[in-house]
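Taken in order, these protein sequences are the chains called R and B. According to our numbering, the first sequence is numbered sequentially starting from 1. According to our numbering, the second sequence is numbered sequentially starting from 1.
A few of these clues could be false.
Since the list gives no way to pick out one identical chain from another, each pair is judged satisfied if it fits inside one copy or across any two copies.
[Said to hold, decoys possible] Lysine to aspartate or glutamate pairs mimicking EDC-like chemistry, simulated, CA-CA at most 20 Å apart:
(1) Lys24 x Asp62
(2) Lys192 x Glu383
(3) Lys24 x Glu56
(4) Lys46 x Glu56
In case anyone wonders, no lab produced these hints; they're calculated from the structure.
There are 2 protein chains.
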Amino acid sequence: MPTLVMKFGGTSVATLDRIKRAAKKVGVEVAKGYDVIVIVSAMSGKTNELVGWVNETSPLYDAREYDAVVSSGENVTAGLMALTLQEMEVPARSWQGWQVPVQTTSAHASARIEAIPADNIRAKFAAGDRVAVVAGFQGVSPEGRITTLGRGGSDTTAVAFAAAFEAERCDIYTDVDGVYTTDPRISDKARKLDKIAFEEMLELASLGAKVLQTRSVELAMRYKVKLRVLSSFEEQSDEAGTLVCDEEEIMESNVVSGVAYSRDEAKMTLISVADRPGIAAAIFGPLSEAGVNVDMIVQNISEEGRTDMTFSCPTDQVARAEAAMEQAKTNGDINFHDLVADENAAKISVVGIGMRSHAGVAAKMFEALSREGINIKVITTSEIKISVLIDRKYMELAVQALHDAFELEKAA
Amino acid sequence: MPTLVMKFGGTSVATLDRIKRAAKKVGVEVAKGYDVIVIVSAMSGKTNELVGWVNETSPLYDAREYDAVVSSGENVTAGLMALTLQEMEVPARSWQGWQVPVQTTSAHASARIEAIPADNIRAKFAAGDRVAVVAGFQGVSPEGRITTLGRGGSDTTAVAFAAAFEAERCDIYTDVDGVYTTDPRISDKARKLDKIAFEEMLELASLGAKVLQTRSVELAMRYKVKLRVLSSFEEQSDEAGTLVCDEEEIMESNVVSGVAYSRDEAKMTLISVADRPGIAAAIFGPLSEAGVNVDMIVQNISEEGRTDMTFSCPTDQVARAEAAMEQAKTNGDINFHDLVADENAAKISVVGIGMRSHAGVAAKMFEALSREGINIKVITTSEIKISVLIDRKYMELAVQALHDAFELEKAA
Chain R
1 MPTLVMKFGG
11 TSVATLDRIK
21 RAAKKVGVEV
31 AKGYDVIVIV
41 SAMSGKTNEL
51 VGWVNETSPL
61 YDAREYDAVV
71 SSGENVTAGL
81 MALTLQEMEV
91 PARSWQGWQV
101 PVQTTSAHAS
111 ARIEAIPADN
121 IRAKFAAGDR
131 VAVVAGFQGV
141 SPEGRITTLG
151 RGGSDTTAVA
161 FAAAFEAERC
171 DIYTDVDGVY
181 TTDPRISDKA
191 RKLDKIAFEE
201 MLELASLGAK
211 VLQTRSVELA
221 MRYKVKLRVL
231 SSFEEQSDEA
241 GTLVCDEEEI
251 MESNVVSGVA
261 YSRDEAKMTL
271 ISVADRPGIA
281 AAIFGPLSEA
291 GVNVDMIVQN
301 ISEEGRTDMT
311 FSCPTDQVAR
321 AEAAMEQAKT
331 NGDINFHDLV
341 ADENAAKISV
351 VGIGMRSHAG
361 VAAKMFEALS
371 REGINIKVIT
381 TSEIKISVLI
391 DRKYMELAVQ
401 ALHDAFELEK
411 AA
Chain B
1 MPTLVMKFGG
11 TSVATLDRIK
21 RAAKKVGVEV
31 AKGYDVIVIV
41 SAMSGKTNEL
51 VGWVNETSPL
61 YDAREYDAVV
71 SSGENVTAGL
81 MALTLQEMEV
91 PARSWQGWQV
101 PVQTTSAHAS
111 ARIEAIPADN
121 IRAKFAAGDR
131 VAVVAGFQGV
141 SPEGRITTLG
151 RGGSDTTAVA
161 FAAAFEAERC
171 DIYTDVDGVY
181 TTDPRISDKA
191 RKLDKIAFEE
201 MLELASLGAK
211 VLQTRSVELA
221 MRYKVKLRVL
231 SSFEEQSDEA
241 GTLVCDEEEI
251 MESNVVSGVA
261 YSRDEAKMTL
271 ISVADRPGIA
281 AAIFGPLSEA
291 GVNVDMIVQN
301 ISEEGRTDMT
311 FSCPTDQVAR
321 AEAAMEQAKT
331 NGDINFHDLV
341 ADENAAKISV
351 VGIGMRSHAG
361 VAAKMFEALS
371 REGINIKVIT
381 TSEIKISVLI
391 DRKYMELAVQ
401 ALHDAFELEK
411 AA
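Please model the complete structure; the sequences and the hints are all you need to start from.
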């Protein structure tokens, strides 16, 4: 029988009633003839509670014990989901990571899945089970310890199972009904996309559209897993939600697929840095070691052996960045006149695979922002994305202006 | 190094602060040179919450899924305890049942431990670990499913580990500071016993003194595990608590060690049963099938082929007992005139291994009750125990009178 993977996130299994609602959706697919692998998260709030206990007990915790504790939430949901399906007379059982087994690396708290032998679950399907309910987010290390995959890891579990079982599709049920051209809370013209290419989804995921974990999209792209994002709170149909797929499967698409934003960005400028070969490494090495996630980087034209170096990072990392730079100055590794932090920035990006074949997207973007009087602080581009840093107070305005300019409310 | 098993119940690990307090007690034993196996229960209230969810989801639940769900509470405590010990710089790790592995039967929700291979934990001790924190109450079946041992199962886990590792002692930390001659809430003369024999503890446990689970005492008796009950909320010393041990180790003891009671007993009388060979089986077979826990049984002298049959059971099983008897009558399996239920009974027992060699204990007991004008409804005896059923309103009075009569406030 064909296999389907269905993943339910924390809000979709937050209560016994919601677990029942999710189980009904599983029942629909079973009735269609699928063997279904259900991946469940912990009931919402549970993982945070467990993480809180671990942090309070041991701020610099042993990640192996962290994993042993926080993985328990998914086990509870898996058992309850199996029981709920059994009540509906759907033959089902729960599987914990070590029972499958989901083999991972030993990198506790951020382990990577290495293999998912399909034999055990396949044998149960052959023996009459119709659903395997798998606790997401967890696996087992070569040493036999429990591992977890890091936040949002259940998405990755789902895609990995879809790849291992060559599933027809991997449906990610969540609290939104798909991927939108932009955040509907910011623009009421936001339109749900029927399809989006893996590459676009990757850019959107990493830009803060929290629908899917970046790693799960990467994995889906590598193994060509058809990924569908849809709401667990609405009626399901084969056309519901958004399909994340290979760009070849998307016949027509807009040049730009979506406008993403990231609210809490800071623009940091090192004024009058002594310019010399290797200066970039001398600056960004210490920042990386200090755990600062540097995003955009711009170097101004050098004058008389000195230059200004600008970069962006999340606002909550500004203090860390400043400390790292002062330390590097004290060490004599770099020399600069001043470090200016602008903590009132936001990043706006337009994303679309159509950009590859269409010129003029950047010009259109800058023009639209200019018409609204929005000044651009920093610009970066990739093959399918253009990002700008602007004043945070213009963020909503910029998103709306760009959504209008690229006519995203209209389907291709 | 000698091994010690320490078990902490739900109230002893109810909060992070209490886990810390328990961990300090473990640290004391580690400092003395013991390798310590710590058995933990779920934080108090957690197991009830999980059981509630299972019952609400599926009243006639699949016990395999029940076990998968309810075992998760102990995993959380085990991880948190290991982290707490690590914070105290005591090398420790957590062990879930399947990791040890604690091999059990497949009788889910009431599995029995079959074997505990010591190799894995011994190897970690050899490598420098000083504490193995084991999730109590759980194991793994031959099919690789998670099992649980039934309520109070963590006591059994503790004793089984003490036997498997030939531990010097098994310390059960709980919310009382030992075993008393009777319930201190009923008699302010109740005295803590320094030692009690396994056989006496077994009788007391089954009589409702909820200090230790009956099965754990049976197991300790079979494997000669020295069991100590002590409070996790008081200072520890080698003399603290009550030692449950072989009677040979008890030099002097009172004839009677304790007075136990069971509050909610019902006396059921089948009036004028047609007496014939096999009539007892015809009565108690259906009661057993209906899940009625029959305790005391008395058959009156038969007259003209008819007899009265009296038995006791917990009051909350009266309706079930009545239904079973009516059904047996309808089926023609038994014939009786009437079934009279007296739901206002309580059971009082005196227990002591000294009874074996001392006559007159029963007479002294009946005399003491008679002096208080307490009528005895039913009597049963064993080698080391005499139990009577009385009116519930006299329960406290009877306990106090018997405690006085046998001078239990005085040590032997």
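Results of checking the hints against the structure:
no., hint, verdict
1, Lys24 x Asp62, "between (39 Å within a copy, 19 Å between copies)"
2, Lys192 x Glu383, "neither (23 Å within a copy, 79 Å between copies)"
3, Lys24 x Glu56, "between (38 Å within a copy, 17 Å between copies)"
4, Lys46 x Glu56, "both (15 Å within a copy, 19 Å between copies)"
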